[in-house]
Every structure is written in structure tokens, then in C-alpha cells.
Amino acid sequence: MLSATTVSARAAGAWRLYSHRAALSTVAIPASEAGQQTAAASNPALPYFVPRNSRGSLPVYSDIRNGGTRHLVLIRNVQGDIQALAREIRKRYSSPDHAAKVEVQHERHIVLSGGRWTRDVTEWLVQKGF
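With the working numbering applied, the sequence shown corresponds to residues 5 to 134, in that order.
Among the hints, a few may not be true.
[What the hints assert, rightly or not] Simulated crosslink set (SDA-like; lysine to any residue; CA at most 20 angstroms straight-line):
id, residue 1, residue 2
1, Lys95, Pro51
2, Lys95, Glu127
3, Lys95, Leu50
4, Lys95, Leu78
5, Lys105, Thr122
6, Lys105, Gly133
7, Lys132, Arg91
8, Lys132, Pro55
9, Lys95, Arg56
10, Lys132, His110
11, Lys132, Gly84
12, Lys132, Ile93
13, Lys105, Asp124
14, Lys95, Glu107
15, Lys95, His113
16, Lys132, His75
17, Lys105, Ser61
18, Lys105, Arg94
19, Lys132, Thr122
20, Lys132, Thr73
21, Lys95, Ser61
22, Lys132, Leu50
23, Lys105, Arg123
24, Lys95, Asp124
25, Lys132, Ser61
Derived from the structure by calculation, the hints contain no laboratory data.
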């Protein structure tokens, strides 16, 4: 019996089974290993690097806590000088009346609290060449 995630297709007279997971794992990733070499080559002066995940997107996530009153932006798997990236983010997202709270967790992750900046952070990292 076929599960809900299995789709059968008939090709060249033979039945082939394709798993839903297999179809998702065949996402097209650029030849430069999801842009890692491209970003490193375009910004050799940056002391940090934010590699893309296996699906080719940047590891920037939002987290909403305390019943929707606390918004966090998570940047995961930062390589290199994570403190330099934290300083740049703090400078970029702080205003005269509001200081963005930026924390470094587990030597590889950055947590930015105080706003809904997931899309802005992602666009900023793309502009920097990641």
C-alpha cells in the first residue's frame, strides 16, 4: 500500500515510485555550493561569513514569544568574527530613541530582539553578497 507521501508515475513502461521527500531534496542549488564561494569571493574583506542552508536560503528566522509581544530575529551558523557582524547589526538597527538588543549565543548564532526585521536582515545580507 502506498503512503500519502508517495506518488507513482509510469515512465517507459515501468512503474517508478517517487517519495515526496525525494522531490523536495532535488532543489536546484547553484554550482558554487549554494553561493558560498560566490559570497566569499565577492567580499573577501568581511571578517565573517553567513553560509546558506541546504535549500539555498539564508539562515535568518523569526521567533515570536510571550503571546506575540516579543519578536526575535535569529541568524544561525555564522562563521568567523561573529562579534563584528553583531556590531554591524546593532549599528544598523538602532535609532536615537531605540537601541536594538543584539546577543551572541553559542558562538555561532545571533539573536536580534525589539522588532520585526527578518526580511530586512535577509535583504541586507544579500546586498552584502551572501
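### Query
Has the given pair, lysine 95 with aspartate 124, been kept, meaning a C-alpha gap of at most 20 angstroms?
The hint holds at about 14 angstroms.
### Message
lysine 132 and threonine 122 were given as a pair; does the straight-line alpha-carbon distance stay at or below 20 angstroms?
### Response
Judged against 20 angstroms, a Cα distance of about 16 angstroms means the pair holds.
### Task
Compare the distance between the alpha carbons of lysine 95 and proline 51 with 20 angstroms, and conclude whether the hinted pair is satisfied.
holds (17 angstroms)
### Pair hint outcome, lysine 95 versus glutamate 127 [Cα-Cα no greater than 20 angstroms]
Holds - the C-alpha atoms of glutamate 127 and lysine 95 are around 16 angstroms apart, at most 20 angstroms.
### Query
For the pair supplied as a hint, lysine 132 and histidine 110, is the alpha-carbon distance within the 20 angstroms limit?
violated (24 angstroms)
### Task
Below or equal to 20 angstroms on CA atoms is what counts here, so check lysine 95 against glutamate 107.
Judged against 20 angstroms, a Cα distance of about 13 angstroms means the pair holds.
### Query
Hey, lysine 132 versus proline 55, does the alpha-carbon distance stay inside 20 angstroms?
holds (12 angstroms)
### Query
CA of lysine 95 to CA of serine 61, is that 20 angstroms or under?
violated (24 angstroms)
### Query
Keeping to a limit of 20 angstroms between CA atoms, is the pair of lysine 95 and leucine 78 held or broken?
OK: lysine 95 and leucine 78 at ~17 angstroms, within 20 angstroms.
### Message
Against the 20 angstroms threshold, does the CA-CA distance of lysine 132 and leucine 50 hold or violate the hint?
### Response
holds (9 angstroms)
### Message
Need the status of pair lysine 105, arginine 94: alpha-carbon distance at most 20 angstroms?
### Response
Given pair lysine 105, arginine 94 holds - Cα atoms ~7 angstroms apart, limit 20 angstroms.
### Query
CA of lysine 132 to CA of glycine 84, is that 20 angstroms or under?
holds (15 angstroms)
Checked against the numbered hints given earlier, this structure breaks hints 6, 9, 10, 16, 17, 20, 21; the rest are met.
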